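Undergrad: As a plain string of letters, each chain reads:
There are 2 protein chains.
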Amino acid sequence: MAPPSADLDSTVTDDAPDAYRDLMDRYARVSHLESGSGVLYWDQQVTMPTGGTAARGKQLAALSATTHEKLTSDEMADALDAAEDADLDDERAANVREIRRRHERNRSVPESLVEELTEHRSHSQQVWKEAKADDDFGHFAPALETLRDLQVERAEAIAPDRPAYEVMYEDGEPYLPLERLEEIFEELKAGLVPLIEEIEASDADLASPFVAAGPYDEGTQRGLSEAVLDLLNYPDDRGRLDVSAHPFTSGNQFDARITTRFKPEDPMDAFTATVHEFGHASYELGLPDGRFGEPIGASLSSGVHESQSRFWENHVARTEPFWEGFVDEANDHLGTDATAREAYEAVNQIYPDNLIRVEADELTYHLHIILRCEIDRAVVEGDLSIEEVPRVWNEKMDDYLGVVPDTDAEGCLQDIHWSSRFAAFQGYTIGSVLAAQLDHAMREDLGDVDALIREGDLEPLWEWMTEHVHSHGRRYPTDELVEEATGEPLTAEYFLDYVERKFGDLYDL
Amino acid sequence: MAPPSADLDSTVTDDAPDAYRDLMDRYARVSHLESGSGVLYWDQQVTMPTGGTAARGKQLAALSATTHEKLTSDEMADALDAAEDADLDDERAANVREIRRRHERNRSVPESLVEELTEHRSHSQQVWKEAKADDDFGHFAPALETLRDLQVERAEAIAPDRPAYEVMYEDGEPYLPLERLEEIFEELKAGLVPLIEEIEASDADLASPFVAAGPYDEGTQRGLSEAVLDLLNYPDDRGRLDVSAHPFTSGNQFDARITTRFKPEDPMDAFTATVHEFGHASYELGLPDGRFGEPIGASLSSGVHESQSRFWENHVARTEPFWEGFVDEANDHLGTDATAREAYEAVNQIYPDNLIRVEADELTYHLHIILRCEIDRAVVEGDLSIEEVPRVWNEKMDDYLGVVPDTDAEGCLQDIHWSSRFAAFQGYTIGSVLAAQLDHAMREDLGDVDALIREGDLEPLWEWMTEHVHSHGRRYPTDELVEEATGEPLTAEYFLDYVERKFGDLYDL
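Residue numbers (the working numbering), protein chains in the order written: chain X, 906 to 1414; chain D, 906 to 1414.
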């Protein structure tokens, strides 16, 4: 079993400057309360009875308001000043830098607004679930509008002179300017749109032997998910697999839980979701145990997190060597007799007529993301009213993907994100781009990674990621981390190379 | 389905005095953080992977320290002073009284001690689990000793001039003096010991047709638990049933969850545990929704809580009318053909040679409790060293019950309680005594309760309890609540009458 965490000690030792220890004690309180909130959030999504929503909203609101109060208190400000005057090594200085950043970002936001936002999120998640189930956007619209107003109010409190959307984006991605990301989006559009057109024009027709042999019951699919988690060295004693409406990962280096969901007709849907969430968990589990509660013991950003899920999903579980090693086990579970090549093709079909982001292929996925970013930016900036969202969604779907959903449930109501935040989709694309860049660097270092994947010898891959990404936590800003790990700043080049090579082969381009 | 909560509004309305509203806002924060901790505790017992212990200890410690800080702050003291000067109705005054009591009780306890105690509890629960699994008291002893020292330190901080044990006892039972309870213990011993002797001397031999037809798999037993929860009107949308090592209930008026555990050979073990925990949940669910976060919207004490579990377990599910109504359904689930009388006898066997408290019958149960109270008092008062606990346990078992455990796992390691607190067992006996008194009062009010139970028409019973107990929350101190509900103070008389009548019939005495 792969070591689930980096072997690094706490920086809060007896010989650390007093001012530093005082600051870190205060911050640990904030951090532990936040990770406690994470458990309440997980419970709400996985185990909580529906009637619990009202109480949960109040519990989470009390937690977020208390955390906010402690993070932005005068005592924290004084502790920061004192720690900044102390003589600190690089890691301690990185911790102080990160606490300063969070303190500054939150200090102008009123506690009452934090509380209101948290309570509204619990409420609007419930409303979103109902609206999606009933295909009733009108039911969700008022909650979405309130969320927009509260989030704009918060962004303006943080930085009154800067665009609210940019400020919101930095919640997930503090170190990668939105402008840089938009350049990457342009490069991707330029590369992906013609590639998708070529694929649509090609004669190759990839099919799934797994779909052909379906449907599958939940027990069978769970067995397959557990088998791959076993292969991936996901530790039983630091994680668990559950089912939720929207797959997600929650936790820390000691307890990183994943969820999946089972579509009876296509077992590869849950399978890839499980591997994807494992990737998120691998990041949490790779953080140093000894630094739990320190910024450098926590994950860096949503984009870097997503690079880990994408790496395992796409660069491991969607490769031909993986299926050369795993197809027999999959066949055993599913009662199929697919070949490795057939399985490889099955998980790499390109289908632009798909409506659902989380079911999208590796190429059209990013058009789903770009569409969402355009819409949520327009909503935040007041260029698009809430009631126009369904219409614009459908127009853009037609424009980018040539397909229009029949229902809002399969359209603008499909994702949970707009029940809690805006400007949160960018991380998914950063993740894909960075995953390809990390994959390239790992192959330079480790040599024949395909052979390791084929043999199911996956420990070295996780260890490489732990060494180059996980173990650093928030030690470096994103670009420095990417340079540290890959030798150059973030670039879309490796991702475009990868998809052109991979799909060129699969679709005989 | 029974109404799961009393229909009472919040007392924190716009027309309430400002000072009252300010106090209640502050207290709501404390209360919501505490109920958030409850979710983390539930998760730790039910869903958390074992590796999560270290992080959970820190999360819970941060929560308890923060709660303590807010409850005991100067701002809370000022808010209390101001609210006490305002013109308040009885319910608001009761809220203020309860907040004052908690504030005074905690203000002299250092925050660092609260944090240390909470973290130690998470640690020692884990150690207790291991020690019990390995039957190794020596592994647990150091954690128990540290707990004793920390709890004594806390009690001395709360009230330096009073016996530490009494102070600890008041955590669970603030309004029923330990002295009163010890008188009740004496009355019980005087009544129960001869009754048990008579039963042992009697020729009657009660057997279980369910044990004879066992063992049963978990699915079958779960089906039976779900059937009885359905009959009891336990609401799906405000509760859930899980499995844990030690059955327990956790939650509030919106979300009250229960656990049970399945013994393959005796399905009545899980069955009665499920009904018992339902009783606890019925109390939480009967608290007023509108008062969530107020003292008068929360349960009163561990003894009153236990009266609710005992009522449903003993005065409903261990009665002959219950089995006249339910035996066919039980037979269907278990594949048995018991008669109502056989089932009634099965769940009312008296077996003094039982080693395990949670499996004890209604009579010997209280000898298990008295034994524990004597031992934990001696440990706290320094009259008994930790290493002597196993020996003294076994001596007392021999003395009171005529049976000695072969292992500490079945002896002094059997209960989870000593991994977190002392002086906590008294509530169980208060519960049995009060349940019988409430049962008597309910029968005076509702008339033919036996007929309702036989018909499975249990809503009126839950409603009566909600009206007379649940809806008051912490509105009255224990004795006043008992008088309000039954017309007289707590007395052992009804319990002794009840067991003499019931077991006199069952054992032909």
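Don't take every hint at face value.
Where chains are identical, the list cannot tell them apart; a pair therefore holds if satisfied intra-copy or between any two copies.
[To be verified] EDC-like mimics (lysine to aspartate or glutamate), calculated; alpha carbons at most 20 Å apart, straight line: (1) Lys1168 / Asp1147; (2) Lys1407 / Asp1194; (3) Lys975 / Glu1385; (4) Lys1034 / Asp1303; (5) Lys1168 / Glu1088; (6) Lys1034 / Asp1402; (7) Lys1168 / Glu1131; (8) Lys1094 / Glu989; (9) Lys1168 / Glu1091; (10) Lys975 / Asp930.
Bear in mind the hints are in silico, worked out from the structure with no lab data behind them. This structure is a prediction, so every number in the text was calculated from the model and none was measured.
Undergrad: For every hint, state whether the structure bears it out.
TA: So, going through the hints one by one against the coordinates:
1. Lys1168 / Asp1147: For Lys1168 and Asp1147, only the intra-copy Cα distance (14 Å) is at most 20 Å; the inter-copy one is 26 Å.
2. Lys1407 / Asp1194: neither (37 Å within a copy, 57 Å between copies)
3. Lys975 / Glu1385: neither (29 Å within a copy, 41 Å between copies)
4. Lys1034 / Asp1303: Classified as neither; 25 Å inside a copy, 58 Å across copies.
5. Lys1168 / Glu1088: For Lys1168 and Glu1088, the Cα distance exceeds 20 Å both inside one copy (36 Å) and across copies (63 Å).
6. Lys1034 / Asp1402: neither (39 Å within a copy, 53 Å between copies)
7. Lys1168 / Glu1131: within (16 Å within a copy, 28 Å between copies)
8. Lys1094 / Glu989: neither (44 Å within a copy, 66 Å between copies)
9. Lys1168 / Glu1091: neither (34 Å within a copy, 63 Å between copies)
10. Lys975 / Asp930: both (11 Å within a copy, 18 Å between copies)
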